[in-house]
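Protein chains: 2
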Amino acid sequence: MSSNYGIQRDIPDLQKKRALYQPELPPCLQGTDVRVEFGDGTTTADLTGHHVISHSFPCTYGQPLAHFLRPTAKVADAQIITEHPTIRVGFVFSGRQSPGGHNVVWGLYNALRIHNPNSSLFGFIGGTEGLFAQKFLKITEEVLSTYKNQGGYDMLGRTQDQIRTTEQVNAAMASCQTLKLNGLVIVGGVTSNTDAAQLAETFASAKCPTKVVGVPVTLNGDLKNQFVETNVGFDTICKVNSQLISNICTDALSAEKYYYFVRLMGRKASHVALECTLQSHPNMVILGEEVSSAKLTLFDITTQICDAVQERAEHGKSHGVVLIPEGLVETVPELYALLQEIHGLQKNGVPTDNISKQLSPWASALFKFLPPFFRRQLLLLPESDESAQLSQIEMEKLLAQLVETEINKRLKAGIYKGKKFNAICHFFGYQARGSLPSKFDSDYAYVLGHICYHILAAGLNGYMATITNLKNPVNKWKCGAAPITAMMTVKQWSYGPRTNSIGKPAIHPATVDLRGKAYELLRQNAANYLIDDDYRNPGPLQFEGPGSDAKAFTLCVEDQDYMGRIKKLQSYLDKVKTIVKPGCSQDVLVAALSSMSSVIDVLSVMTAPSYSGQSYL
Amino acid sequence: MSSNYGIQRDIPDLQKKRALYQPELPPCLQGTDVRVEFGDGTTTADLTGHHVISHSFPCTYGQPLAHFLRPTAKVADAQIITEHPTIRVGFVFSGRQSPGGHNVVWGLYNALRIHNPNSSLFGFIGGTEGLFAQKFLKITEEVLSTYKNQGGYDMLGRTQDQIRTTEQVNAAMASCQTLKLNGLVIVGGVTSNTDAAQLAETFASAKCPTKVVGVPVTLNGDLKNQFVETNVGFDTICKVNSQLISNICTDALSAEKYYYFVRLMGRKASHVALECTLQSHPNMVILGEEVSSAKLTLFDITTQICDAVQERAEHGKSHGVVLIPEGLVETVPELYALLQEIHGLQKNGVPTDNISKQLSPWASALFKFLPPFFRRQLLLLPESDESAQLSQIEMEKLLAQLVETEINKRLKAGIYKGKKFNAICHFFGYQARGSLPSKFDSDYAYVLGHICYHILAAGLNGYMATITNLKNPVNKWKCGAAPITAMMTVKQWSYGPRTNSIGKPAIHPATVDLRGKAYELLRQNAANYLIDDDYRNPGPLQFEGPGSDAKAFTLCVEDQDYMGRIKKLQSYLDKVKTIVKPGCSQDVLVAALSSMSSVIDVLSVMTAPSYSGQSYL
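Protein sequence lines, in the order shown, are assigned to chains F and E. First residue of the first sequence: 37, per the numbering used here; consecutive thereafter. First residue of the second sequence: 37, per the numbering used here; consecutive thereafter.
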């Protein structure tokens with residue numbers, strides 16, 4: 037591990053100027069006092085998993101939501117926190133680096149200093165490895181100075197992405213005890229926040245006084261639920277990738293001889309691919325969620341692309357841009373089944389060279405059909421979350437090859453009459469992850485950092501910092517905290533040999549909602565994108581002038597104000613109580629009972645385990 | 037070919053704002069009158085080729101330099117052009133699309149309109165193919181409106197990159213005659229400008245009245261000589277690539293587990309790789325020019341990288357970033373020789389499948405040693421300029437594999453003691469080519485467009501539009517024109533079976549000057565870059581605020597004012613004449629003769645064919 041963590045760096049003009057940018061705080065977090073309002077105790081969206089989760093998290097399940105309000109807010113039950121004792125907080129970067137991660141630290145540091153200059157913040161060096169090994173750096177203004185509004189996790193680095201084994205959990209606890217930490221903040225995505233919840237539970241039951249807080253930081257944008265609208269890093273990643281995709285579109289249209297197949301980083305879900313499509317209008321995108329839902333095979337997808345190429349050729353076009361999410365390989369049924377067999381054999385210790393011989397006849401036939409480079413990539417060991425090494429599997433190359441073969445066939449058969457098909461493949465991911473964070477991500481992360489402090493000041497454990505109403509300006513943002521357990525679901529079944537994963541509560545990556553407005557927007561325009569070359573170039577990430585305040589389409593088109601609605605429901609219930617007070621007329625009471633009984637009926641049906649409204653299309 | 041060329045597009049905020057940006061003109065081009073001063077007749081830097089060139093270009097060789105001055109400039113012999121008859125001008129995009137190409141058209145269009153509103157501009161559709169087929173679009177303010185300051189060549193598209201065969205040249209001439217063109221402007225790189233010179237010569241000897249003008253537009257930055265300081269597109273490409281390389285550096289430093297091997301587009305020369313290195317400070321760059329000059333083999337380069345990996349491991353570092361120019365493959369002696377054999381066999385009609393069997397024993401052994409993906413890429417047919425298909429040959433993957441094998445060997449032998457070596461490969465090119473042009477490229481291209489008009493107004497043929505003093509603000513830029521033949525050289529020898537290329541005058545791509553200041557800057561810092569992770573992030577291309585006025589390091593560090601020096605020399609000679617007028621003292625005359633004789637001696641030695649000061653290192 038390198039020894040120059042946290043050192044000051046010599047940086048060019050733009051970076052310097054960005055380092056001087058001071059994100060704004062929403063009104064509720066300005067000043068030194070903050071009012072906390074607790075809502076009702078939480079449940080989970082997945083009611084069928086409710087019992088499993090509450091059983092696994094006896095100390096931390098069912099805790100109430102928390103809303104942070106300005107001290108002058110007129111809310112009866114809210115509690116003002118005026119005492120700010122000296123506290124000691126640690127934080128750890130866990131999971132893929134996402135632009136904005138540094139600002140969480142900065143926000144947290146500033147909040148600590150504002151409320152008590154004697155409080156201290158420690159960063160674990162090299163991520164979880166530092167947490168286990170008690171290697172840390174005390175964060176100071178000097179350490180922070182060159183990392184404000186900067187990308188990467190290089191202030192401290194990151195290593196493994198999990199805190200899960202008994203050994204790891206005990207090492208983390210020992211670290212917190214040795215350092216006498218009042219709080220531990222975990223910066224990461226779905227896996228890291230699931231680990232944060234587990235750690236919180238373990239600490240609580242072991243009477244370890246350290247409170248654990250999670251922060252939703254992941255470029256994948258898949259930590260999305262009732263409480264979390266988007267993740268730190270997603271905005272930047274989509275902007276940088278959209279810039280490049282748009283450049284590729286312009287390039288395709290200028291030379292008119294290439295089809296570009298671009299695979300996008302983003303893990304299992306296709307959020308990045310969807311957002312980039314809405315930003316750049318490439319000709320086609322194959323979302324993993326569509327493939328899953330329609331159970332499209334490799335042959336179906338190839339045919340779909342070939343039909344598009346052929347239709348474009350009929351319009352005189354021999355160029356195009358096709359986007360593919362990196363998770364696609366796991367959504368194609370036959371490839372998924374093949375991967376399951378391979379991973380099963382690997383788990384049983386079968387050496388790589390022997391795997392192809394031990395596959396079932398069906399899987400073996402598919403394996404042989406695939407080109408050598410792709411076979412090698414399928415044989416890579418799976419990642420810690422048991423998924424395939426998505427970043428290393430060049431699905432875009434496989435599709436390009438299959439499409440080329442099929443188009444050549446159609447050409448011979450006289451069905452395709454266009455020019456020679458030429459494909460160029462790209463994988464966009466690593467080149468975006470280290471970007472300077474956008475203004476939105478800089479602000480979002482900084483405010484989340486502040487919220488982490490308030491969660492700890494309120495003595496909460498096992499919570500995630502949340503901000504809603506994000507599509508509006510910062511002064512309209514609503515700050516809160518939600519128990520991480522309320523975001524969990526339980527997988528009810530599992531394929532293949534991974535039977536041990538059944539029933540373990542976790543935050544699962546949210547997939548693209550095929551009934552959501554963002555997807556609807558895509559469907560409405562897909563035909564235009566396909567034929568008309570309606571390319572759109574949002575340009576490079578700007579920090580001043582036009583474009584600098586742009587936000588993600590997928591954030592802005594959805595009407596997501598869950599927290600606001602929860603509050604509105606509460607006010608309806610209160611109003612019913614106020615109207616139907618003892619002494620009201622019999623008629624009013626009968627009407628209320630009848631109406632409420634009908635409400636209960638509807639909700640009971642909708643929340644019964646057999647109700648399939650969520651998954652049926 | 038698609039039918040929607042030149043259509044207006046719906047574009048997002050930043051693009052709209054950019055479309056409204058109006059580049060400034062240097063003082064000499066402001067107003068409606070321009071003064072032209074003609075310098076001495078030109079020669080070539082390569083005196084040995086002088087005769088061949090003058091013989092090949094009897095009509096257009098040796099024409100004088102032209103300088104455009106403001107009408108008030110006090111220069112005795114300058115000619116003011118006040119008559120601006122209606123003219124008809126055509127233009128064609130030729131060669132790889134480069135950011136800024138559209139602005140050349142815009143500048144030319146505006147200059148035409150300012151000087152005579154009845155003049156007209158025609159753009160050939162689909163590049164050279166449109167030129168040959170007489171397919172064109174009349175350029176209007178409406179056509180231009182959504183392409184101002186925008187990337188790509190998609191206003192009109194481009195196809196083949198050459199105008200060379202008799203058939204092509206005749207078709208071009210027929211087009212110019214049918215359209216009654218007074219001028220034809222060719223926008224492109226070294227190949228296209230060589231073709232422009234040939235066309236000018238052919239037109240002149242055939243008494244075709246169309247004057248041909250070239251514009252140096254190429255992202256490769258390799259059209260560099262006494263008259264041309266840099267090319268339109270180079271600045272943008274380097275900025276976009278540097279942004280991505282810097283992101284990759286931040287990523288490497290955050291995760292500390294990958295070595296990134298990044299190949300950069302830029303053809304034979306390594307200008308893009310050098311500039312990006314100075315911008316981003318990656319750990320290593322392998323310049324093709326270094327490899328050529330030191331005759332490094334594949335083994336040498338692998339060893340060099342492995343030694344670096346090992347040294348970094350000794351400093352506890354298991355990550356890094358290595359840049360490679362796409363031209364590298366042709367500079368490694370054994371790969372070059374192998375490519376020559378392959379291309380020779382291809383020229384003789386040997387089918388691809390049989391080539392490996394017909395290679396010489398030595399080449400065959402090397403071919404077998406190379407991994408299958410790389411063999412396939414070497415077998416691709418060469419491009420029109422007889423070079424290999426550089427963009428398709430994944431040299432970065434080959435090096436990554438060779439380094440991995442060697443590091444694993446050293447690990448077993450106990451020499452390398454670091455962590456497991458993991459490489460990730462990238463090719464950056466297509467994703468930068470279509471970018472919105474930087475402010476510099478927008479300005480440079482726009483002003484060059486204006487100069488094209490003045491070249492035609494002055495009745496010049498076979499000239500290239502030039503601007504010098506580019507590192508200074510626009511109001512200090514010096515505008516001129518130089519005969520394209522003065523930029524030509526003649527290759528004195530050639531390897532292998534391509535003997536037909538001997539002796540043909542052409543503009544050859546300028547390579548990185550290993551004695552230049554930019555390279556010196558790299559060498560001074562190479563040791564720091566290698567070990568210290570002195571990464572620098574210039575950030576995404578900005579259009580407002582800090583960074584937006586940045587210019588390329590390679591442009592700014594060189595002291596290039598060739599045109600200024602030519603003028604200064606003229607003034608010295610004039611001064612000698614003034615001092616040593618008939619009637620001066622015998623002493624003064626003797627001193628003058630003695631001094632001048634010594635000057636002549638020195639210059640004669642330096643310009644003799646055997647003098648090797650240019651190529652000796």
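Hints in this document: simulated from the structure, not taken from any laboratory. One should not assume that every hint holds.
Cut-off 35 Å, straight-line C-alpha distance, at most; resulting in silico cross-link-like pairs (DSBU-like, lysine-lysine) [stated by the list, open to error]:
1. Lys171(E) / Lys393(F)
2. Lys52(E) / Lys53(F)
3. Lys613(E) / Lys52(F)
4. Lys512(E) / Lys445(F)
5. Lys455(F) / Lys171(E)
6. Lys433(E) / Lys383(F)
7. Lys293(F) / Lys53(E)
8. Lys512(E) / Lys393(F)
Residues from chain F shown here face chain E by an in silico Cβ test under 8 Å; the list is partial [what the hints assert, rightly or not]:
9. Gly188
10. Gly193
11. Arg194
12. Gln198
13. Ile284
14. Cys285
15. Glu430
16. Ala459
17. Ile460
18. Tyr466
19. Ala468
20. Gly552
21. Tyr555
22. Pro574
23. Gly575
24. Pro576
Covered stretches of chain E, going by a simulated chain F footprint (3 or more residues, C-beta under 8 Å) [to be verified]:
25. 118-126
26. 274-280
27. 470-477
28. 504-510
Think of the CB as a built atom: it goes at the ideal place given N, C-alpha and C, for glycine as much as any other residue.
* Asked: Going through the earlier hints one by one, which of them does the structure break, listed in rising order?
  -> Checked against the structure, the hints that fail are numbers 1, 3, 4, 8, 12, 15, 16, 20, 21, 25, 28, while the rest are satisfied.
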